[in-house]
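*Asks:* Since the structure of chain W is provided, determine the placement of chains C, U, A, E and L on it from the hints.
Given next are the chains, with one letter for each unit.
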Amino acid sequence: MKFGILVNEGPYQHQAADTALNFTKAALQKGHEIERVFFYHDGVNNGTRLTTPPQDDRNIVKLWGELAKEHDLDLVVCVAAAQRRGIVDQDEAKRHGKNADNIADGFRISGLGQLIEMGIKSDRLMVFGD
Amino acid sequence: MKFGILVNEGPYQHQAADTALNFTKAALQKGHEIERVFFYHDGVNNGTRLTTPPQDDRNIVKLWGELAKEHDLDLVVCVAAAQRRGIVDQDEAKRHGKNADNIADGFRISGLGQLIEMGIKSDRLMVFGD
Amino acid sequence: MGNGAKKFMYVNRRAPYGTIYALEGLEVVLIGAAFDQDVSMAFVDDGVFQLKKGQDTGESNMKNFSPTYHALGDYEVTKLYVDRESLGERGLSQDDLMELTYEDEDDDYKEKPSIRIVDRKELMKLMEEQDVILNF
Amino acid sequence: MGNGAKKFMYVNRRAPYGTIYALEGLEVVLIGAAFDQDVSMAFVDDGVFQLKKGQDTGESNMKNFSPTYHALGDYEVTKLYVDRESLGERGLSQDDLMELTYEDEDDDYKEKPSIRIVDRKELMKLMEEQDVILNF
Amino acid sequence: MLHTINKSPFEKNSLGTCLRLAKPGSDILLIEDGVYSVIKGSAMESKVREATKEHTVYALGPDLKARGIEENRLIEGVKVVGYDGFVELAADNDRVQSWL
Amino acid sequence: MLHTINKSPFEKNSLGTCLRLAKPGSDILLIEDGVYSVIKGSAMESKVREATKEHTVYALGPDLKARGIEENRLIEGVKVVGYDGFVELAADNDRVQSWL
Numbered sequence: 000m001k002f003g004i005l006v007n008e009g010p011y012q013h014q015a016a017d018t019a020l021n022f023t024k025a026a027l028q029k030g031h032e033i034e035r036v037f038f039y040h041d042g043v044n045n046g047t048r049l050t051t052p053p054q055d056d057r058n059i060v061k062l063w064g065e066l067a068k069e070h071d072l073d074l075v076v077c078v079a080a081a082q083r084r085g086i087v088d089q090d091e092a093k094r095h096g097k098n099a100d101n102i103a104d105g106f107r108i109s110g111l112g113q114l115i116e117m118g119i120k121s122d123r124l125m126v127f128g129d
Numbered sequence: 000m001k002f003g004i005l006v007n008e009g010p011y012q013h014q015a016a017d018t019a020l021n022f023t024k025a026a027l028q029k030g031h032e033i034e035r036v037f038f039y040h041d042g043v044n045n046g047t048r049l050t051t052p053p054q055d056d057r058n059i060v061k062l063w064g065e066l067a068k069e070h071d072l073d074l075v076v077c078v079a080a081a082q083r084r085g086i087v088d089q090d091e092a093k094r095h096g097k098n099a100d101n102i103a104d105g106f107r108i109s110g111l112g113q114l115i116e117m118g119i120k121s122d123r124l125m126v127f128g129d
Numbered sequence: 000m001g002n003g004a005k006k007f008m009y010v011n012r013r014a015p016y017g018t019i020y021a022l023e024g025l026e027v028v029l030i031g032a033a034f035d036q037d038v039s040m041a042f043v044d045d046g047v048f049q050l051k052k053g054q055d056t057g058e059s060n061m062k063n064f065s066p067t068y069h070a071l072g073d074y075e076v077t078k079l080y081v082d083r084e085s086l087g088e089r090g091l092s093q094d095d096l097m098e099l100t101y102e103d104e105d106d107d108y109k110e111k112p113s114i115r116i117v118d119r120k121e122l123m124k125l126m127e128e129q130d131v132i133l134n135f
Numbered sequence: 000m001g002n003g004a005k006k007f008m009y010v011n012r013r014a015p016y017g018t019i020y021a022l023e024g025l026e027v028v029l030i031g032a033a034f035d036q037d038v039s040m041a042f043v044d045d046g047v048f049q050l051k052k053g054q055d056t057g058e059s060n061m062k063n064f065s066p067t068y069h070a071l072g073d074y075e076v077t078k079l080y081v082d083r084e085s086l087g088e089r090g091l092s093q094d095d096l097m098e099l100t101y102e103d104e105d106d107d108y109k110e111k112p113s114i115r116i117v118d119r120k121e122l123m124k125l126m127e128e129q130d131v132i133l134n135f
Numbered sequence: 000m001l002h003t004i005n006k007s008p009f010e011k012n013s014l015g016t017c018l019r020l021a022k023p024g025s026d027i028l029l030i031e032d033g034v035y036s037v038i039k040g041s042a043m044e045s046k047v048r049e050a051t052k053e054h055t056v057y058a059l060g061p062d063l064k065a066r067g068i069e070e071n072r073l074i075e076g077v078k079v080v081g082y083d084g085f086v087e088l089a090a091d092n093d094r095v096q097s098w099l
Numbered sequence: 000m001l002h003t004i005n006k007s008p009f010e011k012n013s014l015g016t017c018l019r020l021a022k023p024g025s026d027i028l029l030i031e032d033g034v035y036s037v038i039k040g041s042a043m044e045s046k047v048r049e050a051t052k053e054h055t056v057y058a059l060g061p062d063l064k065a066r067g068i069e070e071n072r073l074i075e076g077v078k079v080v081g082y083d084g085f086v087e088l089a090a091d092n093d094r095v096q097s098w099l
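Chains as they are written, first to last, in numbering that gives the first Met the number 0: chain W, 0 to 129; chain C, 0 to 129; chain U, 0 to 135; chain A, 0 to 135; chain E, 0 to 99; chain L, 0 to 99.
Hints were generated in silico from the structure; no laboratory data involved. Among the hints, erroneous ones may be present.
Sample of chain U residues facing chain W (criterion: CB under 7 Å; computed from the structure) [to be verified]:
1) E23
2) V27
3) I30
4) G31
5) F34
6) V131
7) N134
As a list, the in silico DSS-like pairs of lysine-lysine whose alpha-carbon atoms are at most 30 Å apart [claimed, not checked]:
8) E:K22 <-> A:K124
9) E:K52 <-> A:K124
10) U:K52 <-> E:K78
Positions of the beta carbon are idealized from the N, C-alpha and C atoms, including for glycine.
The following block holds chain W by itself, in its conformation from the complex (with noise of 0.2 Å):
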């Protein structure tokens, strides 16, 4: 079965991006596929590399970057949403004359027609939010 994720809030101001972690892991440990992990509101915050949490704690953003990696996930980040909160890509900091970016690894900036799709495509569509 195919799961669409929909990751609403950023990293540790809420378990939102904590529970979406964990239920994309076991569903992928139980065999299902994951069609994309979208990250919309505050959720881009999940998409930055500029993050250093506590050495105790865990790190989420890289969490998300292993987690691509292994299983070939797409990870979307909204570009409407990401414009106002700050993150940016190579493209997107050339294009509004940023110098700098800080998306992380495994991450991509699209739009939020990649959300209708994956709602479209996926057999269930899960929302994690505040």
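*Replies:* Below, chains C, U, A, E and L without anything else, positioned relative to chain W:
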């Protein structure tokens, strides 16, 4: 009278940053002093220069920066909260081996002690959050 | 609507302005309208406040996105279900809501209201008919 | 405590783990302890869940920060007020809470409990005595 | 003491806790989604009406306007202030508690 | 249909709305702070007990453990599942609604 302002949520997702901005402006207009504006929890996301909000919407990061410049405000981003969420200046970037920084003009990163000090030195401490 | 169209329902339970969910939720609905699916919106709990007439953000310096609801009809988003109980609990009635309409192409482009006040049982049934439910 | 010490109260109304406010609020209290002010904490509404015994985050992969409450006594944070009504409403009693203590240096370093269950009127009075109230 | 509440009373319990713990005679200012508390004819009316007897209850005008709540819809006794009034209330009271 | 609730019922109204709109026979899974709904002897007990008659009510074990809620404190009839059980519930039901 001296006000201390604590902002606990990022821009846009919650109204807290807007209310804090409007309160701060009104206090300055009435001749009060602002001891400091301290950004904690997701509030640290007010301090990224990488945002590009839609042109017909307010640019909260820029509004803070302009207000700070005009009134010589001390805008302090909590270092511990910022590390969790990926807000870094040049020093922090170097310290944690990051190849980019994203702090906005007019903001500085410092410790939680600055929040307590703000509480001690202010006549009133205002908390804006979710 | 295509044959393989899915039924998407956007459930709005949050007030506007205090949080961004209403505004960014609306952006999803507008983009989603291009995908030729069967789309509806439900307004429950504080979500009914999104449709309140007369919103004016001039003094609070936020973006007034309420005019966008008027554009929904042009995007063929024509089914807006409002929970009757949520309205009443909040001291509101249908007169308090924006008048949202669409032109029915199957009925000589007559202008028809998009908003339908529904009771608990109808809403329950509608939700059970969906393929995808997105909560904002 | 210095003469110009201010009275700081940290009011905790949020459950742990679902949001970060409890954890980061505690970090403020620990840093604040170095500033030689008169510090107290209040636990109201879901904040009382922060003090629940037996927290174990192993399976959810979050950081278990509940042991930190035991360190409060060493930082001379010794006044933890728990709202009785909030406890009862949630099906909890004092036995459910961690046993937090401090050594009273004014009383031959006797170990004393830090937690005091208070009723509404006491809490109201305590809040009115503060100089600074921080809500997490 | 000034109490501020920024949550809709239909969504969160902040108003209830504030009213339980605020000393009689306190100032209570409703801001952001908190302004939804003061609509006449809502399920909150009796609670807020009761509160106006013990406290002075204010609502932030700019937040009422943003949400399309006209002043004639307000429960009697509720006063409307702007951001400057918010600053005055904060300055005139000895301390401020934000019921988030 | 699977309904998930991630909010404490003492803080937010999500549980109430879910119970009002969930069709009898639905599965309801409490996660994150939602697990505080199932403590025996709380003010929520009668509401949740009532819900177990019309629905199957689950609570996420890892979230109960994180919060120190032992299984013997749970209202009778509430079932505990892990993340794999969460996945199964999502797969076995035709659709999922997250009451945020």
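*Asks:* Take the hints in turn and mark each one as holding or not.
*Replies:* Status of each hint after checking the structure:
1. Evaluation of the E23 of chain U hint against chain W yields a held restraint, the C-beta minimum of about 6 Å falling below 7 Å.
2. The criterion of a C-beta within 7 Å of any C-beta in chain W is met by V27 of chain U, whose closest approach is roughly 6 Å, and the hint holds.
3. At its closest, the beta carbon of I30 of chain U sits 4 Å from a beta carbon of chain W; the interface hint therefore holds under the 7 Å criterion.
4. Residue-level restraint check for G31 of chain U holds (minimum Cβ-Cβ distance to chain W is 5 Å; threshold 7 Å).
5. Residue-level restraint check for F34 of chain U holds (minimum Cβ-Cβ distance to chain W is 5 Å; threshold 7 Å).
6. About 4 Å separates the beta-carbon of V131 of chain U from the nearest beta-carbon of chain W, less than 7 Å, and the hint is met.
7. Hint status for N134 of chain U: holds, given a least beta-carbon distance of 5 Å to chain W, under 7 Å.
8. About 8 Å separates the Cα atoms of K22 of chain E and K124 of chain A, which keeps this hinted pair within 30 Å; it holds.
9. For a cut-off of 30 Å, the pair hint linking K52 of chain E to K124 of chain A stands: about 20 Å separates their Cα positions.
10. Restraint check for K52 of chain U and K78 of chain E: satisfied, since their Cα atoms lie roughly 22 Å apart, inside the 30 Å limit.
Of the numbered hints given earlier, the model fails none.
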